[in-house]
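Asks: With the hints as your guide, set chain V onto chain W.
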Amino acid sequence: MISSSPTPSSTDPTAVDAVVAPPADAAPAAADPRRELWRRLRANRPAFAATVLIGVLVVLGIAGAPLAAKITGHPPNQQYTRALDAQGVPIGPGQRTYKADSTTPDPHGDLFLLGADRLGRDQFVRVLYGLRVSLAVSVGATLLALIVGVALGIVAGFFGGAPDAVISRLIETAIAFPSLLLGIGLAVALGAGVLNVIIVMAVFGWYYPARIIRTATITVRGLPYMEAATAVGATVPRLLRHHVLPQLTAPILIYGTSMIASNILFEAGLSYLGLGIPPPTATWGQMLSDAVASNFYRLDPWLALVPGVALVFVVLAFNVLGDGLRDALDPHGEHL
Amino acid sequence: MRRFVIRRLAAGVVQVLLVTFIAWLLFFVVARLTGASPADRVAGKNPSPGTVERVAHELGTDKPYYEQYAKYLWNFVHGNFGHSYIQGRSVSSIVFSAAATTLSLVCVALVIWLVLSIPIGLLIAMRAQSKTDVLIRVIVILGMSTPVFVLAPLMSYYFAFQPAEGKFLGISLPGPVNIFPLDGYVNLRDNPLEWLHHLLLPGFVMAAAYAALYVRYVRALTLEQLGQDYVRTAVAKGAGTGHVLRRHVGRNIAPIVVTLVGLDFGAALGGVLFVETVFALPGLGYVALRSILDLDYAVASGVITFTAVAAVAVNALIDVAQGAIDPRTRA
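These protein sequence lines are chains W and V, in that order. Counting from 1, one number per residue, gives the positions in the first sequence under our numbering. Counting from 1, one number per residue, gives the positions in the second sequence under our numbering.
Derived from the structure by calculation, the hints contain no laboratory data. Using N, Cα and C, we set each Cβ at its ideal position, and we do this for glycine too. Take these hints with a grain of salt, some might be off.
On the chain W side, residues computed to face chain V include the following (Cβ under 8 Å) [unchecked claim]:
id	residue
1	L67
2	K70
3	G185
4	V188
5	G222
6	M226
7	L265
8	A268
9	Y272
10	L273
11	L288
12	R298
13	V315
14	N319
15	V320
If you want the footprint, here are the derived chain W segments under chain V, 3+ residues with CB under 8 Å [unchecked claim]:
id	region
16	91-99
17	300-306
In isolation and in its complexed conformation, chain W is listed as follows (with noise of 0.2 Å):
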């Protein structure tokens, strides 16, 4: 049905004329609405791009780390004093260690891609794990906080009344929190380590899915095969079950990329100011703080780019993955 966009480009989230009906009209067509979604999202050229990436990108998370560290010989939190010369300066990409002298570059020596750290850690390895560290707590507080907000969201676009009302101020009030300053704040309280950081972006996350589920439940619960389907006597778990959740299926998508994103960089924060997986764990805001708070970067820049280009890519190659879900599974929702 995109393809009816007299545009080239059929990516445009507000090429108001592009589609005629919203998708949840047109199921019926779709014989397996996976192979639906696959379809769309694989006309959607960057979507598609983007999807390839990340999947490159697991591959290189889970296999790709340890691989790096095998070949290179370098374990990621192996101090190499050789990739520090007299005075402290790590070597930058693409250059070998220094001689014993600590000032001539042996030829012989190491190599290390993307240079070294300020404690002459391999800085290609360490951002091959810093990913690893990246995608699996990403994913995983987006996982939680999306259970939760879908529950939620189910709970007070379903039933209404005293339950909808209380769960919809939780919702105002969570929104109205700096997050920010609190999640620092609940993260001193819980102290370091994976789980903890989990915890504390998914406490952070789960309010903007509930509220955008509960919109769309809401909107199910008004549609005339639903009535159909209490009138032909559907308990109420199977109504959510089979008639309910089928439609939420796109908006937890499109919502759950693009918080995938935002987590990246929430992790990469709390990182950055020490609250996040504690060191000697190579993570990507951690890569950050080390060299601008000590302003080594102002020495070697590479040190501050390696670990933010990182950070941009995967957060970009999310973002647009998002953007072509939005395009290809509602392309009349609201973009804003």
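Replies: For chain V alone, coordinates are given in the frame of chain W:
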């Protein structure tokens, strides 16, 4: 209208109560479970017997929790946020001077982000699907994906540090040039020019992500309007592009942009932390972070309560204003 205003303000009061309660819970109750209670911290290392109890009595932390919360609220209403034993100043003096800095930063950023995003958004909406449009949208999504703590050090390096060293983007300059100060803050009252000079770079860093987001908003809203019948009618009657944009489209999208700005203004107040940290601006975020890391609970809860209340107040005001302009929004 009056009923709507009363209802909205009442909801705001409930939100403030909840916010203060959670902030209080976090910093006064949870903090006590972490080992060092506020009284322990004030009493210092190796206190003499009875000191901790005396301090607890003075702080009021030996009273039941509900009484402590009531007292906290009572003081808060009277603008008294307590006393920071770590900084040796009253929390309100710390919070108010920090708030002035943050407000300056956010206002400069706000001007930059609107000046950048509104014309660009309008322009690419008029030329949707052109090469310019595609290019700007790529830049926009890149901007949205770049966190301030990546952008801030890089901007500071290339536009403040390197020029001061006599280089600019790798090109050697004849001598050191100070384009922007590395960090620090000058009060508006002391020197308005230096105030702006110190805030331009941090303001831009902060504005970048918002500008990207607003280019999208303005583009989407404008495109939506351009597809409407009234625009076709206006064009058919011979109205020029500028006239249609100013008179018709602008008037329809302005209220929505104002609402969004109001929401983001509140969010920006709480999100200035990284910019303030990199550029050493003594604002709310910087003060909050320091106080949390120093376990200075009085300041931490004071800043967070203040920020949250400001955000709630701004949101309530916007809703009321919106309700006055457009009766449909009086939900």
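Asks: Could you run down the list of hints and mark each one as holding or not?
Replies: We went through each hint and held it up to the structure:
1. Given hint, L67/W at the interface with chain V, is violated; its Cβ is 27 Å from that chain's nearest Cβ, farther than 8 Å.
2. Interface restraint check: K70/W against chain V, minimum CB-CB distance 29 Å, threshold 8 Å, status violated.
3. Taking 8 Å as the C-beta cut-off, the interface hint given for G185/W holds, the closest approach to chain V being about 5 Å.
4. The interface hint given for V188/W is met, as the beta carbon of that residue sits about 5 Å from the closest beta carbon of chain V, less than 8 Å.
5. For G222/W, the interface hint is violated, the least distance from its beta-carbon to any beta-carbon of chain V being 17 Å, above 8 Å.
6. Checking M226/W against chain V: minimum C-beta separation of about 24 Å lies over 8 Å; hint violated.
7. About 5 Å separates the beta-carbon of L265/W from the nearest beta-carbon of chain V, less than 8 Å, and the hint is met.
8. Using the Cβ-Cβ criterion of 8 Å, the hint placing A268/W at the interface with chain V is satisfied: the shortest such distance is roughly 7 Å.
9. The interface hint given for Y272/W holds, since its Cβ lies 5 Å from the closest Cβ of chain V, which is under the 8 Å cut-off.
10. Given hint, L273/W at the interface with chain V, holds; its Cβ is 7 Å from that chain's nearest Cβ, closer than 8 Å.
11. Using the Cβ-Cβ criterion of 8 Å, the hint placing L288/W at the interface with chain V is satisfied: the shortest such distance is roughly 6 Å.
12. With 8 Å as the threshold, the beta carbon of R298/W comes within range of chain V, its nearest partner Cβ sitting at about 5 Å, so the hint holds.
13. A distance limit of 8 Å between C-beta atoms decides the matter here; for V315/W the minimum to chain V is near 4 Å, and the interface restraint holds.
14. Satisfaction of the interface hint for N319/W is found here, the shortest Cβ-Cβ separation to chain V being roughly 5 Å, below the 8 Å cut-off.
15. Taking 8 Å as the C-beta cut-off, the interface hint given for V320/W holds, the closest approach to chain V being about 6 Å.
16. For the region 91-99 of chain W, the stated coverage by chain V is violated: 0 residues have a C-beta nearer than 8 Å to a C-beta of that chain, whereas at least 3 were required.
17. Residues of the region 300-306 of chain W lying with their CB closer than 8 Å to a CB of chain V number 3, which satisfies the three-residue condition for coverage.
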